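From first to last, the protein sequence lines are chains A and B. For the first sequence, the working numbering assigns the number 1 to the initial residue and increments by one for each residue that follows. For the second sequence, the working numbering assigns the number 1 to the initial residue and increments by one for each residue that follows.
Hints are computed from structural coordinates only; laboratory data are not their basis. The model shown is predicted, which means the values in this text are computed figures rather than measured ones. Yeah, the Cβ is synthetic: ideal placement off N, Cα and C, and Gly gets one too. Mixed in with the good hints there might be a few duds.
[Stated by the list, open to error] Taking lysine to aspartate or glutamate pairs in the EDC-like style, the calculated list, with each CA pair at most 20 Å apart, reads: (1) B/LYS18 / B/ASP31; (2) A/LYS6 / B/GLU118; (3) A/LYS6 / B/GLU82; (4) B/LYS204 / B/ASP231; (5) A/LYS40 / A/ASP50.
[What the hints assert, rightly or not] Part of the chain A face toward chain B, derived, beta carbon under 7 Å: (6) LYS6; (7) VAL9; (8) ARG11; (9) ARG14; (10) ARG78; (11) THR81; (12) VAL86; (13) SER125; (14) ASP247; (15) VAL248.
[Claimed, not checked] If you want the ones that stay clear, here's a sample from chain A, every Cβ over 12 Å from chain B, calculated: (16) MET16; (17) MET61; (18) THR79; (19) LEU85; (20) PRO88; (21) VAL175; (22) LEU241.
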Amino acid sequence: MITLVKAEVLRLTRSMRWVAVIAVVMCAVWAVLQVVVFIKPETVNERAVDSAYSMSQQGYMFVMILGILLVTSEYRHRTITWAFLVTPRRGRVITAKLVASSVIGLVVGVAAVLVTGPLVAILLSAYDYPVWTANVPAVVLGSVLSTGLWCLFGAGVGALIRNMVAAITVAFVWVFYAEWALVMMVPAVGRWTPTGVGKAASGWNRDALGSIAPAGDLVPMWAGAVLMVGYAVTAAVAARLITVRRDVT
Amino acid sequence: MPGRSATGRLIIVIAVEKLSKRFGDVRAVTDLSFTVLPGAVTGFLGPNGAGKTTTLRMILGLVTPTSGTATVDGVRYVDLPEPMKSVGAVLESTAFHPAHTARTHLRVLSTAAGIPTERLDEVLDLVDLRYAAGRRIGGFSLGMRQRLAIASALLGDPSVLILDEPANGLDPEGIHWLRGFLRALAVDGRAVLVSSHVLTEMAKTVDAVVVINHGELLASGPVDEFGDLEDTYLQLVRS
Numbered sequence: 001m002i003t004l005v006k007a008e009v010l011r012l013t014r015s016m017r018w019v020a021v022i023a024v025v026m027c028a029v030w031a032v033l034q035v036v037v038f039i040k041p042e043t044v045n046e047r048a049v050d051s052a053y054s055m056s057q058q059g060y061m062f063v064m065i066l067g068i069l070l071v072t073s074e075y076r077h078r079t080i081t082w083a084f085l086v087t088p089r090r091g092r093v094i095t096a097k098l099v100a101s102s103v104i105g106l107v108v109g110v111a112a113v114l115v116t117g118p119l120v121a122i123l124l125s126a127y128d129y130p131v132w133t134a135n136v137p138a139v140v141l142g143s144v145l146s147t148g149l150w151c152l153f154g155a156g157v158g159a160l161i162r163n164m165v166a167a168i169t170v171a172f173v174w175v176f177y178a179e180w181a182l183v184m185m186v187p188a189v190g191r192w193t194p195t196g197v198g199k200a201a202s203g204w205n206r207d208a209l210g211s212i213a214p215a216g217d218l219v220p221m222w223a224g225a226v227l228m229v230g231y232a233v234t235a236a237v238a239a240r241l242i243t244v245r246r247d248v249t
Numbered sequence: 001m002p003g004r005s006a007t008g009r010l011i012i013v014i015a016v017e018k019l020s021k022r023f024g025d026v027r028a029v030t031d032l033s034f035t036v037l038p039g040a041v042t043g044f045l046g047p048n049g050a051g052k053t054t055t056l057r058m059i060l061g062l063v064t065p066t067s068g069t070a071t072v073d074g075v076r077y078v079d080l081p082e083p084m085k086s087v088g089a090v091l092e093s094t095a096f097h098p099a100h101t102a103r104t105h106l107r108v109l110s111t112a113a114g115i116p117t118e119r120l121d122e123v124l125d126l127v128d129l130r131y132a133a134g135r136r137i138g139g140f141s142l143g144m145r146q147r148l149a150i151a152s153a154l155l156g157d158p159s160v161l162i163l164d165e166p167a168n169g170l171d172p173e174g175i176h177w178l179r180g181f182l183r184a185l186a187v188d189g190r191a192v193l194v195s196s197h198v199l200t201e202m203a204k205t206v207d208a209v210v211v212i213n214h215g216e217l218l219a220s221g222p223v224d225e226f227g228d229l230e231d232t233y234l235q236l237v238r239s
């Protein structure tokens, strides 16, 4: 299994680096905007400082796409044939992809923190705002964790929906429209949706989904992580039962 | 003597038994049985759409048979402990990630299959592709892709080679090279099963043939029993 994961990491790092780069750049841009535009001298407080550091998780949509690409690019370029020839037990192939996507997501999360963290610290001190709060370690750790989890979640979605464009479209529509509408109508489900548990896992819970679900409604950080893994594994198991077993022609 | 063990017993490497595949209402392959022996090149012949590709993909575990079995060394492909070290497959020339270099493609496969990286240069040399090892596959000609596919199949030094229309897209020199290459693999004692619908190229290459049409077996046996292969083939598929 370790060799399979290594092969997956090698495959992805040699072809889809740009998505990871966009994710990290997005985080940096959001962090700059947060400090320069949204934090005002008269309103600056600990939560505002935390929010600036929490921008290192803002690339999560791109990290999810990275996870989707990790699986769907194999179908798109028909290299899945090679994967199944090397490892005819297809469940192992999918498992390796899920593990590899988590590892890659965590690496992207660390990269985002390494770029965004110092940037935020420099900007905050330039504006004479507080540079540190007691929450910063949790926010930083949480953003690494949630970035890894979003990549894993994307891989699960990609395994289930093998078409690259369809998978990305469905994921976007779900996160930006369907989930939103759902939470509007039934606010109580907000803490259980992928975005809700992803937010919970990120350790930064100022608001759950926009301002709809109050922060107190989010599940604990550990439960958010477990649920996010649960969503990804459920998607992967469904994929194994439905799409992965199909003939490769 | 090809196909026989030291004691003279016939060794069957690939065994296809009563294999059938339906795609919805379409009967792609029906009750097909044949065997492939080591130390020989076996031509798998039939018109376009005869069911050759489906059969080869069933042998390789990519397509699930509706009924019947296909085994390599007595076991189904999915049950082979290290499939890359038993069977090499060349399926379609386009199945590469265009952004990967030839070396990256081979590294991904060898890593997953647990094959040492020293083997990469060996297989690249075998197919005369080392000069392009660091280039992106997106810029490869069809012939280069075909050679890379063959190099990939040889990574595990397998005793069985399965090639689906490997001559497609090759220029005359490439076809000449391929013919010599397949012969050399067979002389080495490997079993080579190669599908084609181009008869002239096959007649000079193969030791045995399996002819199918509409998913059913028409004839099989040593090529010298077929007389003029082209005449016999045309009679078979027209009848």
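Tested hints:
1. Note on B/LYS18 and B/ASP31: the hinted pairing holds, with a Cα-Cα distance of about 4 Å set against a maximum of 20 Å.
2. Straight-line distance between C-alpha atoms of A/LYS6 and B/GLU118 comes to about 17 Å, which keeps the hinted pair within the 20 Å bound.
3. A threshold of 20 Å between alpha carbons decides the hint, and for A/LYS6 with B/GLU82 the separation of about 17 Å falls inside it, so the pair holds.
4. With a CA separation close to 15 Å, the supplied pair B/LYS204 and B/ASP231 stays within the 20 Å bound.
5. For the proposed pair A/LYS40 and A/ASP50, the alpha carbon gap of about 14 Å is at most 20 Å, so the pair holds.
6. Evaluation of the A/LYS6 hint against chain B yields a held restraint, the C-beta minimum of about 5 Å falling below 7 Å.
7. Nearest Cβ of chain B to the Cβ of A/VAL9: about 9 Å, over the 7 Å cut. The hint is violated.
8. The restraint placing A/ARG11 at the interface with chain B holds, with a minimum CB-CB distance near 5 Å, inside the 7 Å limit.
9. Proximity of A/ARG14 to chain B holds as hinted, the smallest CB-CB distance being about 5 Å (cut-off 7 Å).
10. Against a cut-off of 7 Å between C-beta atoms, the interface hint on A/ARG78 holds, since the closest Cβ of chain B lies about 4 Å away.
11. The beta carbon of A/THR81 is positioned within 7 Å of a beta carbon in chain B (closest approach about 5 Å), and the interface hint is therefore held.
12. The criterion of a C-beta within 7 Å of any C-beta in chain B is met by A/VAL86, whose closest approach is roughly 5 Å, and the hint holds.
13. The restraint placing A/SER125 at the interface with chain B is violated, with a minimum CB-CB distance near 41 Å, outside the 7 Å limit.
14. A distance limit of 7 Å between C-beta atoms decides the matter here; for A/ASP247 the minimum to chain B is near 4 Å, and the interface restraint holds.
15. For A/VAL248, the suggested interface contact is upheld, since its CB lies about 4 Å from the closest CB of chain B, less than 7 Å.
16. Against chain B, the non-interface label of A/MET16 is violated: not every CB pair exceeds 12 Å, the least being about 8 Å.
17. Consistency note on A/MET61: stated as away from chain B, and its beta-carbon is indeed over 12 Å from all of that chain's, at 22 Å minimum.
18. Residue-level check failed: A/THR79 sits 6 Å from the nearest beta carbon of chain B, not beyond 12 Å.
19. The beta carbon of A/LEU85 is not kept farther than 12 Å from every beta carbon of chain B, the shortest such distance being approximately 6 Å.
20. Against the 12 Å criterion, A/PRO88 falls within the reach of chain B, whose nearest CB is about 4 Å from its own CB.
21. Under the 12 Å C-beta cut-off, the non-interface status given to A/VAL175 relative to chain B holds; the minimum distance is some 27 Å.
22. Listed as outside the interface, A/LEU241 is consistent with that label: its C-beta sits roughly 14 Å from the nearest C-beta of chain B, beyond the 12 Å cut-off.
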